[in-house]
Amino acid sequence: MTHAHTPAFTLEELAERLGATLIGDGRRRVSGLATLSEAGPEDITFLANRAYLKYLPETRAAAVLLHPGQAEECPTACLTLENPYLGYAALSRLFDPLIGRQAPGTHPTAVVADGVVLGRDVEIGPQAVIEAGVELGDGVVVGPGSVIGADTRIGAGSRLHANVTVCHGVVIGERAILHSGCVIGGDGFGFAHDGGRWHKIAQLGGVVLGDDVEVGSCSSIDRGALGDTLIGNDVKIDSQVQIAHNVQIGDHSALAGCVGIAGSTKVGQHCLLGGGVGLSGHLTICDGVQVTGMSLVTNSIHEPGVYSSGTGAMSNAQWRKNAVRFKQLDALAKRLARLEKAQESR
Amino acid sequence: MTHAHTPAFTLEELAERLGATLIGDGRRRVSGLATLSEAGPEDITFLANRAYLKYLPETRAAAVLLHPGQAEECPTACLTLENPYLGYAALSRLFDPLIGRQAPGTHPTAVVADGVVLGRDVEIGPQAVIEAGVELGDGVVVGPGSVIGADTRIGAGSRLHANVTVCHGVVIGERAILHSGCVIGGDGFGFAHDGGRWHKIAQLGGVVLGDDVEVGSCSSIDRGALGDTLIGNDVKIDSQVQIAHNVQIGDHSALAGCVGIAGSTKVGQHCLLGGGVGLSGHLTICDGVQVTGMSLVTNSIHEPGVYSSGTGAMSNAQWRKNAVRFKQLDALAKRLARLEKAQESR
Amino acid sequence: MTHAHTPAFTLEELAERLGATLIGDGRRRVSGLATLSEAGPEDITFLANRAYLKYLPETRAAAVLLHPGQAEECPTACLTLENPYLGYAALSRLFDPLIGRQAPGTHPTAVVADGVVLGRDVEIGPQAVIEAGVELGDGVVVGPGSVIGADTRIGAGSRLHANVTVCHGVVIGERAILHSGCVIGGDGFGFAHDGGRWHKIAQLGGVVLGDDVEVGSCSSIDRGALGDTLIGNDVKIDSQVQIAHNVQIGDHSALAGCVGIAGSTKVGQHCLLGGGVGLSGHLTICDGVQVTGMSLVTNSIHEPGVYSSGTGAMSNAQWRKNAVRFKQLDALAKRLARLEKAQESR
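Order-wise, the sequence lines are chains A, B and C. Using the numbering used here, you'd call the opening residue of the first sequence number 1 and step up by one each time. Using the numbering used here, you'd call the opening residue of the second sequence number 1 and step up by one each time. Using the numbering used here, you'd call the opening residue of the third sequence number 1 and step up by one each time.
These are calculated hints, taken from the structure and not from any lab test. Quick caveat, the model's predicted, so the values are computed rather than measured. Errors might be hidden in some of the hints.
With a Cα cut of at most 25 Å, we get these calculated DSS-like pairs of lysine-lysine [as the list claims (entries may be wrong)]:
| id | chain 1 | residue 1 | chain 2 | residue 2 |
| --- | --- | --- | --- | --- |
| 1 | A | LYS321 | B | LYS334 |
| 2 | B | LYS341 | B | LYS321 |
| 3 | B | LYS200 | A | LYS341 |
| 4 | A | LYS334 | C | LYS341 |
Sample of chain A residues facing chain B (criterion: CB under 7 Å; computed from the structure) [what the hints assert, rightly or not]:
| id | residue |
| --- | --- |
| 5 | TYR85 |
| 6 | ASP114 |
| 7 | GLN127 |
| 8 | VAL129 |
| 9 | VAL183 |
| 10 | ARG197 |
| 11 | LEU204 |
| 12 | SER220 |
| 13 | MET314 |
| 14 | ARG325 |
| 15 | LYS327 |
Built from N, CA and C at the ideal position, the CB exists for glycine as well.
The following block holds chain A by itself, in its conformation from the complex (with noise of 0.2 Å):
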């Protein structure tokens, strides 16, 4: 990819703004951002993983970000930090090409409705649609292609990419990031069964989203059916994640990717799921549980920790043999006892 707009800092600007400790020449310049073992001379680079440690003492990198007690292991400039894989998320947010480009002002082809309120530095791209009533907080971006239905309030410094869809009605909070294809506010689904033919239910709620909330592309969290759907705080949504109508979501929570969670169900705070994870509708999982991928939980979860199921991929023919027998299990278990007792009675 281009490093066409990314800027350059010196090694002492760069101690300053991490808050860590620089060893070697703070005037030499980086201008990328790379791995230890692909990084070059105008490169600074980061260790924050022992498995990594091996390519420390070859790297061409200008400088190395790393733990202090790695230090005298290094060739090179170093800058030390207690963390430095949190080091490494504030470089690469220095280096990202994405910060300079903003260009606040509404393309002409934009359609922004009348009375929209707009706040300072607000950039609205080519092509994008405002409905009526919306409000954009300061330096928000909407991308190209994005659409705004009517009455939603984006809070200052959000950051909608290219050809994302919020509907009517939602809210969002500050520093959102929302990536291209999700969709924010579509119908939950509901409907009534009667005389063997669905009635839909007209779904009147909205989608609130907290503060530095960040949603992948092709996402989609749904409306609620009469209140919202609300996804808290610093919650990060991976990609192919679906959210559905009254779901409620703790803040600092985690969903990978593919992720599906059905209505109304719960998810408290710090929690984690693992990819193309699946709740079940009308649960209750507390704060500080970890799920891991694939899992499909039918159940409440009360205590903190980590919850699996499934089996993992084994050749085919382990498989099918394996397999056959989970039709037999309960059977199995029963002729199992029947031996037990015929041994107990002997």
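Use these hints to put chains B and C onto chain A, whose structure you have.
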């Protein structure tokens, strides 16, 4: 969310529209619909599930829609109906703020090809694109940024929300609701394999949706390879669903979020597929089948009923011990049989 | 669907284009392609699977494409080829109505930044947005409402359908096909955890797609954290697929619908992932691996072959009895071992 555009009704009007029996002052006016525990004095609420009966005595609602058998316990005005959940569905549609917002006409930024046939009161939103040969029935709404490919026909009363894509040569019945980000008529996944590489099979079929079909946010229904992909009348499809080429879904079936159906599988009428269910290709699922969440169906089903697979989540420590035994299951079964034989021979 | 724009060919022309041997009247004209049982007298059809041989005697088609060994049983004109399924693929592309519809030029409503480099015969549809620094090769088609981010390069002959999003700094090879709603280059899911909250790691890598890649509707391929996410040549990706940051997919691999691949996993060449398969992060899957539908792979795979996990659906009553035993599996195995020991000691 906003209530700015929601209408107000007298209880008398509501009783009449719902065919309900009114007990109380028919001139009282309500302007909102809310749950039993959250409704205020301007709202009507409903009781459709005995689990919520405990909230009835303290409700602050102006009126409650409920079964005649519970009218005596109601502390306020009530509307009685044999099926109060169906009544709630009807009420919800009366309070839907989208209803009053329709604004027939074509937005000046929309691009509509020459010769497109528009029924009466069609609304085409900003930045929408309607290609050549399209026909839209009376009252069709095309949301902002939606694209309708060449030669597609959409029946009267259908609504496409924002950023919907309907590809060329698709037929959609009346009163369809297509949510944002869904794609109807993308190519099916078909390739011939030869010489170590893939050779594309052009997908020449279309997609036909019956009347009263709803498709959720970010769902995709692929076009057929030669014949059409067929979705029956009154089929309800949730968000993040994938329907492959030449699938057929019978009338009145409902598919929850994240369902995936592989090519050429036929699902009967009145089927219910739970969230995340996967159906292999070329299967036949008869009428009246229900499959529970995240089950994998690899064989045809010929008897109505409920079907399941998988194992629910447990603590990771417990799961690890059991999951490892799954790989030994065939061996365990053989050891059990050996013991039984030994016992018999004694 | 419409056949209005489909071309007509003589059998002689078709035989020549396919390199097939013609038996029958070469001047006969066909204007459509259909299945053996549905083809009419204006159509050509094909027989590639012995299961359909029973339909051959009664076909009403003008001609049948089939293996030379079956020519004798064909009641009408035929074109013979060693690999008739490959011949069907070639035929399907000849009858593709999209082929004749290309209309080079930039629609007046498209927004194309200054300095964008366009090859010959590029078509940019209505409401599309092309940001600064983009390069589009000869014959590239950008569908209505699609957005191409800054500094992205797309190779000759590639087609983006409607409402596709390609983010900044992405590289796409020649002859790619990107279906509606897909997103290439959204942020990967990366955060440092500190002080009980998440700190975003800017995703500075890009996405590189090789030549002849196809990506289905609503699929997402995330950009790399530092290096690029790499998709090889001739990789075919179905709808609703999620590919996380820094994943690598080898040439000629195919991923069915709803597959999810977690970060940094490397999939080899000629791999086949069934629908709904999940791969954990940081794995290595060697060349020639096939994983059956909805399997979860949590360990690297070093031997080519077929792999599976999970258990197929059964009746819910049967399933309940067996699934509850799964939680006792380790205990059952221990009880079995105890019985065996008791027997041995006798």
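Do the hints match the structure? See the list:
Between the alpha carbons of LYS321 of chain A and LYS334 of chain B the distance comes to roughly 11 Å, so the proposed pair stays at or under 25 Å and holds. Taken as a hint, the LYS341 of chain B and LYS321 of chain B pair is broken in the structure, with Cα atoms around 28 Å apart against an allowance of 25 Å. This hinted pair does not check out: LYS200 of chain B and LYS341 of chain A have alpha carbons roughly 62 Å apart, beyond 25 Å. Proposed proximity of LYS334 of chain A and LYS341 of chain C is supported: the alpha carbons are some 19 Å apart, at most 25 Å.
The closest approach between the C-beta of TYR85 of chain A and any C-beta of chain B is roughly 24 Å, which is over the 7 Å cut-off, so the hint fails. Hint on ASP114 of chain A is violated. Least Cβ distance to chain B is approximately 13 Å, over the 7 Å limit. The beta carbon of GLN127 of chain A comes within 5 Å of a beta carbon in chain B, closer than 7 Å, and the hint placing it at the interface holds. At about 4 Å, the closest approach between the beta carbon of VAL129 of chain A and any beta carbon in chain B falls short of 7 Å, and the interface hint on this residue holds.
Against a cut-off of 7 Å between C-beta atoms, the interface hint on VAL183 of chain A holds, since the closest Cβ of chain B lies about 4 Å away. The restraint placing ARG197 of chain A at the interface with chain B holds, with a minimum CB-CB distance near 5 Å, inside the 7 Å limit. The closest approach between the C-beta of LEU204 of chain A and any C-beta of chain B is roughly 6 Å, which is under the 7 Å cut-off, so the hint is satisfied. Against a cut-off of 7 Å between C-beta atoms, the interface hint on SER220 of chain A holds, since the closest Cβ of chain B lies about 4 Å away.
Against a cut-off of 7 Å between C-beta atoms, the interface hint on MET314 of chain A holds, since the closest Cβ of chain B lies about 6 Å away. With its C-beta approaching chain B no nearer than about 4 Å, ARG325 of chain A sits inside the 7 Å limit, and its interface hint holds. For LYS327 of chain A, the interface hint is violated, since its Cβ never comes within 7 Å of a Cβ in chain B; the closest pair sits about 10 Å apart.
Checked against the numbered hints above, the structure violates hints 2, 3, 5, 6 and 15; every other hint is satisfied.
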